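Chemist: So you can see what is in the structure, the chains are spelled out below.
2 protein chains.
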Amino acid sequence: MTTNEKIAALRQAARAAGGHGVLLMTSDPHSSEYLPDHYNALTWFSGFTGENATLVVTPAGSALWVDGRFYVQGDKQMAGTEIECMHAGAAGVPTVEEYLTAQFTAGQTLLLDGSCAPAATVEKYRAALEKSGAALADRDIVSPLWADVRPALPNTPCELLTPAQTGATVAEKLAAVRAELRKAGATALAVPQLDCLAWLLDLRARDLPCTPLAVAFAFLTLDACTLFIAPGRLREADAAALAESGVALRGYDEFLPFLRSYDKPETVLLEKSTANYALYTAVEENPAFTVRLGSDPITALKGVKNETELANIRECHIRDGVAMVRFEMDLEKALAEGRPLRESDIEGMLQARRREQPGYFDDSFAAIAAWGPNAAMMHYHAEPGADAAIEPHGFLLVDNGGQYDCGTTDITRTYPVGPLTGDERRYYTWVLQSHIDMARAVFLDYCTGFALDTFARGPLWAHKINYRCGTGHGVGFISSVHEGPQSLRPNNAVVFKPGMTITDEPGVYETDLVGIRIENELECVDAGENQYGRWLRFEPLTLVPIDTAPVLVDELSGPQLAWLNAYHRHVYETLAPRLTEDEKAWLAQKTAPLTR
Amino acid sequence: MTTNEKIAALRQAARAAGGHGVLLMTSDPHSSEYLPDHYNALTWFSGFTGENATLVVTPAGSALWVDGRFYVQGDKQMAGTEIECMHAGAAGVPTVEEYLTAQFTAGQTLLLDGSCAPAATVEKYRAALEKSGAALADRDIVSPLWADVRPALPNTPCELLTPAQTGATVAEKLAAVRAELRKAGATALAVPQLDCLAWLLDLRARDLPCTPLAVAFAFLTLDACTLFIAPGRLREADAAALAESGVALRGYDEFLPFLRSYDKPETVLLEKSTANYALYTAVEENPAFTVRLGSDPITALKGVKNETELANIRECHIRDGVAMVRFEMDLEKALAEGRPLRESDIEGMLQARRREQPGYFDDSFAAIAAWGPNAAMMHYHAEPGADAAIEPHGFLLVDNGGQYDCGTTDITRTYPVGPLTGDERRYYTWVLQSHIDMARAVFLDYCTGFALDTFARGPLWAHKINYRCGTGHGVGFISSVHEGPQSLRPNNAVVFKPGMTITDEPGVYETDLVGIRIENELECVDAGENQYGRWLRFEPLTLVPIDTAPVLVDELSGPQLAWLNAYHRHVYETLAPRLTEDEKAWLAQKTAPLTR
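From first to last, the protein sequence lines stand for chains A and B. Quick note: the first sequence uses my numbering, first residue 1, plus one each step. Quick note: the second sequence uses my numbering, first residue 1, plus one each step.
Careful: at least some of the hints might be erroneous.
As the list claims (entries may be wrong) - To give an idea of the chain B side of the interface with chain A (calculated C-beta under 8 Å), a few residues:
hint	residue
1	F443
2	Y446
3	A451
4	L452
5	D453
6	F455
7	W461
8	P490
9	N530
10	S557
In case anyone wonders, no lab produced these hints; they're calculated from the structure. Keep in mind that this is a model prediction, so the values were computed, not measured. Note that CB positions come from ideal geometry on N, CA and C, so glycine has one too.
Take the sequences, apply the hints, and build the full model.
Modeler: Structure, rendered in structure tokens:
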């Protein structure tokens, strides 16, 4: 079936169900960022493979909204289909809500599957439709249409992390969450998000691509906790350990019936942006429950890593640094020998070197290897057969990361693979300045992500260049590579605290020309107190040389140059004990101080 | 009477009125920043002369809260009295609310004059007292105690600005405010703030020190507007002009009775932070009124200057720049000749030069001239007889500004008056870097004052130095030298727009050692649109050389040095046509490019 045929089928199924259109989102019952394939109907129907989109099919047309990371990719993948690619956030482009208001008329009904959409989103779309007298109905017309090819729900082996990994027992975490519930005036918490649940119960599996989580729900009260997971997935010893921590087990499918039939009065803390609409409705319609809207306290708790986690994360970055150094040597050798390399070769080269490291078990996301203009697509993924050859000029951008038994990594380097243009060198230098200005920032402990974000953007803004994404995101611990609540981006109001980790990944993306990104993970650390207050700063966690060949050294300020040289000294000193003599010699050269 | 005797009298009067304590604030019925002396009871009773403080007298003690600008001054002025000086915001120092909760016990009552306190503040204090079972009563026990010495209400000549000055008629402004009221779902607006009222009705007088405003209220509905001002203060022609614009006149004292007896249904927009408690109560208790809490729309409207105002403001800064150049030459000459100068001499020297300029009629605030360690007190005012001699070493900080018929200015320069220490040169250079990084910022049009504030603080934060105040504030047009809603400071959420003016005044304040501040006014201007969005930047309004003698030029980055040299070229080229040959030669030297 072609994309247009699939859209026609959606349209027809909506009509058969008494509706006039259908909305699909890249979303699952757990508001996951990376979906189990079981839930990726949007990709199957539209052909769009990016991680975030919304598809609306109306009687007369269809449109797909993609965010700034995916403008170029969305345009390419929708070309030749009836679907209009909408650049969400760009000037003159209607929002999904504006489109719904305009396209649906009085008496019409839009259908969507409420179990796979956050309650807040459903409410927003309903309000937009009601402006035109149209309605929204929670109905899943999509599942039957792709039942034959739809992947099953994942069912991978589950395990529990140990306190040596996490630095805290499940009992301690339950107590911490209960204390937060009391502060919020709540007595219960529904946990739909898999990364929150994983942190709370030390539970890991391999249900999601690149994200070692298990598909499950939890429901926590001040004196009980129930994990809802498919029967038989936990080893007996793990189930017993959880039981000892006060965690009971029920089947995954029992979650909504459990909520609907719960009969003890509870004040349930719910986050409308992450609770799916079916969950939210089940709580709201149960008279035993009072809904208390607020932030899931687990998000804030797990965002600040404890000392054990931090020690593990630091070790993880040493291992990842060694693998990256070896990969970079492999790449350099291949290029020097003139071996024909394609973008899709890079992922395997990275995996080969990570596999040599103890504790590595997966990538933390599908590696991005993008040569030349392809790198202007921020989240490009090279598909074998449809990818570019790495030609001996310009840049190769490589964004990748690993999952280890001691942490999760995320790193981007942009390598010159031959002669560079003046613009390429300027852009590279400015991105490096942005990266460094974020990394070397010293700041008071009242700073939010929005306030800090301007440190990174300043050097690029000076040239009227911006990147259409955040400067950085939190990183989970043996978990999702993207994690909140902190982030470096406009309007983020979370105040930074020691123990938070964050990526620092400014970039330049000039469509059809060039893409450059330099990314380290940083740890927010205490920098002492004086008469002015409590100071914080960042320490780099990532330990991989930043290519200095493209740098226009005269553009760097003294402090920027000093940071770069100190970073490289630190990389060398930390990695050298784990490297061979050859590798050490190579790294010494790569980390040699840059001078004017 | 000594301060302690005055506090004892307050305590006794409170007891006589059935209360147990009294609270005084530097506040008037209009939430003015600079009070008519008529309202400055706090200074008379406590001896504290700063612009912002709260005094609490309890049966057992008394305490005065001052903000970061006044820590040093407060400590000095409260020394030897029973009043404890509280550094508001410093670690371990209780807030006024915490103090009230702790000091007052069940059944006790705190008295305050609700006509001179914002409603939001009264509610906050009441809630704090209620935590301990104590109460708050709106009663003025203070007025009788100082009636003999209390200054009368001001009654200075009123005038109306012309459209050539303001660029908009009163009728146009009334229409703009009414449009905002409709957007906010309101039908009426009480205008307690004198600067808002001055903007709305083009009304100016000299009622407040350094601030050309008239003490009055206004009440605006969708079809009527009434100005409440003491009878006879307006010239007949002005009253007629206002009547023609649809503005009726009533006596100042009729304002509260008018609100209490108003009998047409209105939804009144009120801002609890600026409406005094008596006003708020009058509206809330009148059944004809519905209170709609929200921001006074005039604040946002007047914060963005129109083209006529901007042209006048630019002219104003040329005149002010000429006056400042001549003052600086006078100062330099006096120092070179070894004339004994005291801090208190500076204000007169400045005024003598400003008086030569057309349209100058007042200072915009009491000039700060602070030598050496005195400059560590951010808002120090040298009192003749109690001021320092300007010794021939270290810095002299001069913060001052003028009121002209074409605008209001605010400028700070810090002059080396002899040999400097290494620290003094370093601090000066870092402050200059902070100033420049704010002034040269290029940013997207979503940036708030909090996001931009970090641009200025970055260079000082790098050395773990901060200033305990905002980086900058808006400046009124022939009005208050401090005006919102925009400001450069933590937590300010106002988005910058072209036409806003702002000061850029970072500083270093090391108690008992040194104070350095470099302040220009900046205009926010459009910097064009490209694929990334709408860009904004700042252009300096202030046209006065920045002393380069103390600068450690190697600390400046290339772009910082380029900004400084371009600014100085601009200062010279703009001022030169109004200067004599001698003055031009002096200025050419002062604005000569700095090189490494």
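Chemist: Hint by hint, say whether it matches the structure.
Modeler: Status of the hints after comparison with the structure:
1. Given hint, F443(B) at the interface with chain A, holds; its Cβ is 6 Å from that chain's nearest Cβ, closer than 8 Å.
2. At about 6 Å, the closest approach between the beta carbon of Y446(B) and any beta carbon in chain A falls short of 8 Å, and the interface hint on this residue holds.
3. Residue-level restraint check for A451(B) holds (minimum Cβ-Cβ distance to chain A is 5 Å; threshold 8 Å).
4. A cut of 8 Å between beta carbons decides the hint on L452(B): the least distance to chain A is about 7 Å, and the hint holds.
5. Using the Cβ-Cβ criterion of 8 Å, the hint placing D453(B) at the interface with chain A is satisfied: the shortest such distance is roughly 7 Å.
6. The beta carbon of F455(B) is positioned within 8 Å of a beta carbon in chain A (closest approach about 6 Å), and the interface hint is therefore held.
7. Using the Cβ-Cβ criterion of 8 Å, the hint placing W461(B) at the interface with chain A is satisfied: the shortest such distance is roughly 5 Å.
8. Interface hint at P490(B): satisfied, since its Cβ lies 6 Å from the closest Cβ of chain A, which is below the 8 Å cut-off.
9. A least Cβ separation of about 6 Å between N530(B) and chain A falls short of the 8 Å threshold, and the interface hint therefore holds.
10. Interface hint status for S557(B): upheld, as the beta-carbon distance to the closest one in chain A is roughly 4 Å, under 8 Å.
Violated hints are absent here; each numbered hint is respected by the structure.
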